[in-house]
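All chains should be built: construct the whole structure from the sequences, respecting the hints.
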Amino acid sequence: MAKPKVATTSLCGCFGCHMSLLDIDDRILQLVELVDFDRSPINDIKEIEGQVDIGLIEGGCCNEENLKVLHEFRRHCKILISVGDCAINGGIPALRNMVPLEECYREAYLNGPTVVNPAGKVPDDPEIPLLLDKVYPCHEAVKIDYHLPGCPPSADTLWAALVALLNGKAPELPYELVKYD
Amino acid sequence: MSASLQDAVAPVCESFGRDRTRLLDILLAVQQRLGGIDDRAIDAVAAELAIPRVDVAGVVSFYSFLAPGPRGRTVIRLCNDLPDLMMGAEKVAAGLEEELGIRFGETTPDGRFTLEWASCIGMSDQAPAALFDDVVVPSLTPGTARRLVAELRRQGDAGDLRRVLVREYGDGANAHDLVRASVKNNLRRAGEVIFAPMEAGAGLGKALAMSPAEVIREVKTARLRGRGGAGFPTGMKWEFVRAADGPQRYLICNADEGEPGTFKDRVILTERPDLLFEGMTIAGYAIGAAHGILYLRGEYAYLRDYLEHVLAARREKGLLGKAVCGKAGFSFDIRIQMGAGAYVCGEETALISSCEGLRGDPKNRPPFPAQRGYLGHPTSVNNVETLCCVPRILQMGSGWFASMGSRRSTGTKLLSISGDCTRRGVFELPLGTTLREVLAQCGGEDAVAVQVGGPSGKLVGPDAFDREICFDDLATGGALVVFGPGRDPLWVASQYMAFFIHESCGYCTPCRVGNVLLKERIDRILAGNGEPDDLDYLARLGASVKTASRCGLGQTSPNPVLSTLENFRPAYEARLKPPVDGRQPGFDIAAKLAESQRLTGRKSVHFDA
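Chains as they are written, first to last, in this note's numbering: chain A, 1 to 181; chain X, 1 to 609.
Calculated directly from the structure, the hints in this document are not laboratory data. Take the hints with a grain of salt, since some may be wrong.
To be verified - Residues from chain A shown here face chain X by an in silico Cβ test under 7 Å; the list is partial:
1. 74
2. 98
3. 101
4. 131
Where a beta carbon is used, it is the ideal one built from N, C-alpha and C, also for glycine.
As structure tokens, then:
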């Protein structure tokens with residue numbers, strides 16, 4: 001029987017949640033035994049190749065590229081999980097939600113103290129994704145099956161959730177793994 | 001300016017004996033003199049009372065009727081409660097905005113008018129209604145609203161508001177010299193207890209001939225339960241207060257009927273103030289209190305002079321003051337505490353905070369007010385209607401009272417009925433009357449839904465019309481809003497959630513945040529963007545808010561959502577769409593990319609936006 005497939009991505013996040021995933025230490029060897037990885041920064045596969053059992057989303061949704069990737073994950077993943085506070089709440093990037101979008105563009109491309117932009121125009125290169133008006137939590141754009149809170153969720157939390165799901169169980173995590181004070 | 005500031009603040013503080021527990025009264029009086037309470041007035045009051053500035057600023061920012069900034073010389077507050085919206089308050093609002101040239105929340109450039117919304121001013125049976133300062137203007141149309149504003153403008157500041165605004169006096173004591181209001185009583189049915197012809201002093205005389213313990217026993221035998229809605233046995237509450245240790249005890253009458261759609265206490269205060277004060281006096285005797293407080297909601301300020309006059313007359317007759325009715329050792333007097341437009345102050349611990357001159361934040365329980373209430377003393381807080389039952393029970397006997405109503409809910413109940421029915425107003429009916437019978441009496445037979453008990457109550461449909469209005473079935477503090485054919489239960493729930501968001505004191509997170517999330521999700525469904533899982537989300541979030549909130553406001557605020565989910569589920573289900581490809585249907589990608597497309601001058605590469 002084929003191994004279950006896992007895909008991961010970081011949208012508007014800092015890769016901290018992925019670092020936490022790597023922090024499962026030697027259990028990573030067990031993980032490789034248990035699953036195959038589809039698209040993920042870990043193997044640098046850029047597009048999801050087929051049906052995926054579990055998708056992990058780090059980061060919120062701040063631009064058109066994020067949204068496209070999120071749609072792709074939702075279409076291909078049986079179970080989709082928001083991992084970490086940015087995916088769940090928007091997190092630090094969502095601080096820009098209090099600043100008008102035009103000001104964000106001007107600060108980034110025109111007025112910022114380190115900006116060199118002789119053309120004096122906001123770039124229109126299609127390689128630079130258009131920003132959404134605000135940074136959104138993933139569940140506002142697509143249906144999300146589970147939320148794993150934390151900044152980042154600890155390696156043990158991620159491990160416990162993955163193992164439960166891979167065994168066909170709902171991840172009911174003990175209090176110690178989801179408390180943060 | 002600073003001299004006149006001092007002139008305004010110092011004498012006011014002086015007149016209240018520089019007592020910080022009277023801060024709310026002090027601020028109301030200062031505002032009346034200065035027109036508003038700005039930072040310098042806050043400093044001055046804080047200095048005068050020798051308390052931290054933040055204590056004063058906190059109170060100013062808490063109450064709707066206290067304004068931190070400068071306001072117009074006349075503040076117009078249009079009621080946006082549901083019955084008012086159903087009767088066309090939005091059209092009146094548009095008329096006022098156009099006539100005044102300002103939007104809600106703004107002040108005219110000449111400083112003459114400020115326009116605001118008010119939550120519920122207790123006039124649902126004569127909606128849409130507004131307060132112009134403390135003058136009530138009921139039954140408004142866009143035309144009359146505009147004419148009144150124009151007329152006030154023409155008269156200038158010197159004109160008497162009341163003379164312009166009150167074109168004819170209402171019935172009964174609304175026409176009294178000290179009231180002069182165009183408010184109508186709309187008393188549709190007088191029952192045997194509250195609005196029966198009153199024999200003044202009969203109940204008080206009997207009570208004073210008994211011992212306090214005997215009075216309590218009589219009230220317990222009558223099985224009188226609190227009329228505010230919770231239905232706690234009144235005699236038991238009094239017993240707790242009487243048994244509590246303390247050099248003093250207090251009786252507070254809760255006349256802060258802020259539950260939208262409730263206005264029955266207004267009619268009692270207008271037509272039966274003596275019955276109420278007699279009830280308060282008997283209660284004071286029963287629990288051993290020397291002081292009573294009538295907490296009068298700010299919206300009813302127009303009744304204040306009249307009520308003070310009734311109190312003065314009672315003092316004159318020896319019915320209040322030292323040795324009441326010549327009874328040695330029993331002194332009792334009543335003061336009126338004005339509220340200032342905060343719904344949560346109807347909650348008894350918040351009401352006590354407000355009487356103490358604090359923000360109207362609810363207190364933790366225990367200790368219950370019966371142990372530690374007003375200023376730390378054992379306190380009984382009772383509803384206006386409850387206290388009015390007391391003299392009648394003493395006069396006519398507990399057996400007489402208990403013979404009315406149902407076994408566990410004795411006596412009569414006042415119902416404030418508004419909305420889609422032909423006879424809006426106050427009905428005094430025996431407890432245990434079916435909803436169907438009530439609807440027949442008020443001309444609301446074609447109702448598709450009835451909100452029983454205000455926003456914190458339940459919205460029920462026709463399958464519940466044979467249920468009884470009483471404490472053990474359909475409990476209510478008195479508000480019934482009738483919804484006729486074509487009204488949308490989800491709209492009702494959404495409007496009520498807007499009310500709770502506005503009135504939440506913000507102290508605890510479940511209530512402050514949860515109510516906003518509930519309304520967002522309801523509105524998403526209303527807009528046609530809901531999906532099947534939303535119902536489960538609403539049910540779970542509603543349950544969390546109820547369980548985790550600190551006071552009665554948050555413990556009941558999800559009710560509009562939960563009761564419509566329970567009783568009107570098809571109205572929700574008809575609007576839900578399963579998501580396509582797992583995408584949330586309400587997430588409007590084109591709208592969210594529009595600004596970026598404009599700023600960069602290019603189209604999205606991924607989305608046809």
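Now the hints, each set against the structure:
1. With its C-beta approaching chain X no nearer than about 4 Å, residue 74 of chain A sits inside the 7 Å limit, and its interface hint holds.
2. Taking 7 Å as the C-beta cut-off, the interface hint given for residue 98 of chain A is violated, the closest approach to chain X being about 15 Å.
3. With 7 Å as the threshold, the beta carbon of residue 101 of chain A comes within range of chain X, its nearest partner Cβ sitting at about 5 Å, so the hint holds.
4. For the restraint placing residue 131 of chain A at the interface with chain X, the shortest Cβ-Cβ distance is roughly 5 Å, inside the 7 Å limit, so the hint holds.
Comparing the model with each earlier hint shows a violation of hint 2 alone; every other hint is respected.
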